[in-house]
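Colleague: The primary structure of each chain is shown beneath.
2 protein chains.
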Amino acid sequence: MSDAVVLLSGGLDSATTLAVAKRDGHALHALTFRYGQRHTIEVDAARQVASDLGVAGHTILDVDLRAFGASALTADIAVPQDRPPAEMAGGIPVTYVPARNTIFLSFALAYAEVLGARDIYIGVNALDYSGYPDCRPEFIAAFERMANLATRAGVEGTAPVKIRAPLIGMSKADIIRLGTELGVNYAHTTSCYDPAPDGESCGRCDACVLRRKGFAEAGTADPGR
Amino acid sequence: MSDAVVLLSGGLDSATTLAVAKRDGHALHALTFRYGQRHTIEVDAARQVASDLGVAGHTILDVDLRAFGASALTADIAVPQDRPPAEMAGGIPVTYVPARNTIFLSFALAYAEVLGARDIYIGVNALDYSGYPDCRPEFIAAFERMANLATRAGVEGTAPVKIRAPLIGMSKADIIRLGTELGVNYAHTTSCYDPAPDGESCGRCDACVLRRKGFAEAGTADPGR
Chain C
160 MSDAVVLLSG GLDSATTLAV AKRDGHALHA LTFRYGQRHT IEVDAARQVA SDLGVAGHTI
220 LDVDLRAFGA SALTADIAVP QDRPPAEMAG GIPVTYVPAR NTIFLSFALA YAEVLGARDI
280 YIGVNALDYS GYPDCRPEFI AAFERMANLA TRAGVEGTAP VKIRAPLIGM SKADIIRLGT
340 ELGVNYAHTT SCYDPAPDGE SCGRCDACVL RRKGFAEAGT ADPGR
Chain X
160 MSDAVVLLSG GLDSATTLAV AKRDGHALHA LTFRYGQRHT IEVDAARQVA SDLGVAGHTI
220 LDVDLRAFGA SALTADIAVP QDRPPAEMAG GIPVTYVPAR NTIFLSFALA YAEVLGARDI
280 YIGVNALDYS GYPDCRPEFI AAFERMANLA TRAGVEGTAP VKIRAPLIGM SKADIIRLGT
340 ELGVNYAHTT SCYDPAPDGE SCGRCDACVL RRKGFAEAGT ADPGR
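For the record, the sequence lines run as chains C and X.
Each residue of the first sequence is one higher than the one before, counting from 160 in our numbering.
Each residue of the second sequence is one higher than the one before, counting from 160 in our numbering.
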């Protein structure tokens, strides 16, 4: 059983990705960040999802992206509400956190190199996405290429690292169908950008809108809050 | 005056790189990490060097690379001593910190994107280096390519980010000559991997050996400790 590092936010996409890595036969090493996001409810969700899927290890790292701010998730900027999905595709929204996926994948690369893992999973999605540059397939490919020059693999000629983005071309509805088939308990996931202190989703941010649309199209009820 | 982000460790190379960025006419934004290294004396050195060169800003971030360990700088592994430089080129030493430069450059990318800076400086060196994969020109080029797909620049077609590694092809002696010319006070830098608690260099680790060789070849006395 080969090791895989899986970026796990506690959201719907990363929970499904963790289940895909399990289906692929890997021993799972989940990696979650407290990066200064508005709410750390998602960190509790990540713990629950990791436990549900029987990970071999779960590392939670503190990384202060509030030092740079400039995003509605890491600074005092309002989270947009009630945007129709078509509008979301129109540009980079204020919820974009500069270089976040690059930073997260870089830590995953360090973790993978230490474990001797060759597979890194990330739940990015380029279809029902919110216009983030670091969710595109060309970014993932460029990161993989760089990763193999950055580490031992590039010097010692050992097996290269693969960045796996199994959801990248899927619709939210297909992701939900796949995760359900693989036993993901979506009641334990959280997607909202701006939940109430008790964890209740706002229902109005881009993430809530896309999640609702996804469950509707999948024809299932959302068991989450 | 355009902004530049400069990775600054407090060592000889990054201090010189900061001086080069200043010579290039940039407003300087230094970025330093407390990443779980054996000693944080270098963080104090970075503060001093940043102040010497009149930076516009200096951000010091905490990033816990001890969570992964596996390096003599971030785990309980002995730092090698008294290795001749020729031996250092023979492989990746235990002082290599997995994916460290990838992680540091990723944060620099976030900082640059927030500032609207197009230049990121890093003091990597491929000649008198210690066999680190992430100090090679091909790594820097691949990171730059990835960086431009990861961020706004790649989507909005604004001016691309450049990763500047001005020392990459220079000998340690040439770096010292250049820095001296540009007014770097090397008394304020520290290179040792394993200094005594009072900041005194060990004189025996790879970094001390390379620094001594560099000053000897440059024909100057090392004003550092």
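Be aware that one or more of the hints could be misleading.
[Said to hold, decoys possible] Here are some, though not all, of the chain C residues that point toward chain X, as calculated from beta-carbon distances under 10 Å:
id	residue
1	ILE200
2	VAL202
3	ASP203
4	GLY228
5	ALA258
6	THR261
7	TYR270
8	ALA301
9	THR310
[Said to hold, decoys possible] Computed far set for chain X versus chain C, every beta-carbon distance over 10 Å:
id	residue
10	MET160
11	ASP241
12	PRO257
13	ARG259
14	GLY290
15	LEU337
16	GLY378
Rather than coming from a laboratory, the hints here were simulated on the basis of the structure.
We treat Cβ as the ideally placed atom computed from N, Cα and C, and that holds for glycine.
Colleague: All hints, please: hold or fail.
Modeller: Hint check results:
1. ILE200: 22 Å, violated
2. VAL202: This hint is violated: C/VAL202 lies away from chain X, its Cβ roughly 15 Å from the closest one there, beyond 10 Å.
3. ASP203: 19 Å, violated
4. GLY228: 7 Å, holds
5. ALA258: 4 Å, holds
6. THR261: 5 Å, holds
7. TYR270: 6 Å, holds
8. ALA301: With a minimum Cβ separation of about 4 Å from chain X (threshold 10 Å), the hint on C/ALA301 holds.
9. THR310: 6 Å, holds
10. MET160: 21 Å, holds
11. ASP241: Answer for X/ASP241: holds, closest chain C Cβ roughly 24 Å.
12. PRO257: 4 Å, violated
13. ARG259: Since the minimum Cβ distance to chain C is about 7 Å, X/ARG259 lies within 10 Å and the statement is violated.
14. GLY290: 8 Å, violated
15. LEU337: 26 Å, holds
16. GLY378: Holds: least Cβ distance 33 Å, greater than 10 Å.
Comparing the model with each numbered hint stated earlier shows that hints 1, 2, 3, 12, 13 and 14 do not hold.
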